[in-house]
Amino acid sequence: MKGPTMSSYVDFHSLEPDDALPPLKKEPVTKTQLVRYAGASGDFNPIHTDDATAKESGLPGVIAQGILIMGFVGQAITAWAPKRFLRNFKVRLTNMTFPGDSITVEATVAQKTRSSEGLLILCDTSAKDQEGEIKLSGHFELLVPD
Amino acid sequence: MADKTKAGADLGAYTFEVSWVKIRELIQAIGDPNPIYHNKEAAVTEGYHDTPCPPTFITLAFQEFTGFFLKVLDTLGIPLVKSLQGEEEYEYLGEIYPGDLLTIEPRVESIVEKKTRSGPMDLVTLRTRVSNQHGVEVLRTRSLLIERK
Chain G
146 MKGPTMSSYV DFHSLEPDDA LPPLKKEPVT KTQLVRYAGA SGDFNPIHTD
196 DATAKESGLP GVIAQGILIM GFVGQAITAW APKRFLRNFK VRLTNMTFPG
246 DSITVEATVA QKTRSSEGLL ILCDTSAKDQ EGEIKLSGHF ELLVPD
Chain V
526 MADKTKAGAD LGAYTFEVSW VKIRELIQAI GDPNPIYHNK EAAVTEGYHD
576 TPCPPTFITL AFQEFTGFFL KVLDTLGIPL VKSLQGEEEY EYLGEIYPGD
626 LLTIEPRVES IVEKKTRSGP MDLVTLRTRV SNQHGVEVLR TRSLLIERK
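Protein chains in written order, with my numbering: chain G, 146 to 291; chain V, 526 to 674.
Quick caveat, the hints were computed from the structure, so don't treat them as lab data.
One thing to keep in mind: the hints can contain errors.
[To be verified] Pairs of lysine-lysine residues, derived as DSS-like cross-links and limited to a Cα-Cα distance of at most 25 Å, are as follows:
(1) G:200 to V:640
(2) V:639 to G:171
(3) V:607 to G:176
(4) G:235 to V:639
(5) G:176 to V:547
[Claimed, not checked] Partial pick of chain G residues on the chain V-facing surface, computed with a CB cut under 7 Å:
(6) 149
(7) 190
(8) 194
(9) 212
(10) 223
(11) 234
(12) 238
No residue lacks a Cβ here, since even glycine has one placed at the ideal position from N, Cα and C.
Using the sequences plus the hints, can you model the full thing?
This is the structure:
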C-alpha cells in the first residue's frame, strides 16, 4: 500500500456538503497489531492483549484499543488532506472492535464555510466493520488555506 | 465506582518528551504508509520542520510511560479492567515534533453517573492543555472515560 503524495490529496475547494471522500479500507485487525499498539502507545490494559483477563472481565476476548481505531481515522484524514490543515478531531467510540474485524473509514462533507484564513471544512466520519457495524463516529474540521 | 469528590480536581502538570522512535512505532502499529511520518525529507517538502506527530500521537503522553492514566484511575478509584474510553477530542493549535518537551496539564472536568442498557456507568470527563518547551500551546484534549460496573 502506498502513502499519499501531495498531488493525491482531495481537492476540498471542489467539494460540497454531502460529498463523500474516498473510503479507507484497512486490513483485518490482528492480535499482533493490538500487542504492537500496546507497546507503541503504552496502553497495557490486559483486556487488549490477554484473552484470559478479557474473559474474566466479561468480554468474549481481547478487544482493540479504541484509540487504535481512531488512529485508522487519523490515517484516513491525513491521506485526504495535509495534516497541518487539521484543526479539530472528535470521535465517540460506540462498539468494540475484535481481532479479525476489517475496518473501513468513511467521511462526508457536512459543512463548507469561508473564514478570513481560508476554507473551513467540517466532515462527519465513521469507522465500520465488515458487517457495517459502526465502531466509532465523529467529525473533523480542516482549515484549507487560500 | 468513580470518586465523585474528584470532579474539578487538577491532576498536576507533568512532562513528556516526544521521540521519533515512538512516532515510528505508533505509525507502524496503525499501519499508516504516509511518507510524512516515515521520511523527514517528505515532511519537509510538505512544509513541516521535521516528522510531524500523527493526529492521535498525544495518547502516548496519557499512557503507562508517564503513569498518567493509571494515576487518574487510582485517584478516581476505577479498576483498570473496568475502564473504557468513550470519547476523545483533539483541538490542534500547532505541530508537535520529535525532541519537543511537552507539558501536560490535566483536569477532571466532571463525573456523572448514567444508566445504560448494559447497566449503570460512571462517565468521567478529562481535559488537558498541552504546551511545548517554547511555552506555545499546541493541543487541547477532552476525553470521556467510562467505568463499567
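Evaluated hints:
no.	hint	in the structure
1	G:200 to V:640	23 Å, holds
2	V:639 to G:171	34 Å, violated
3	V:607 to G:176	20 Å, holds
4	G:235 to V:639	21 Å, holds
5	G:176 to V:547	20 Å, holds
6	149	6 Å, holds
7	190	6 Å, holds
8	194	12 Å, violated
9	212	5 Å, holds
10	223	6 Å, holds
11	234	5 Å, holds
12	238	6 Å, holds
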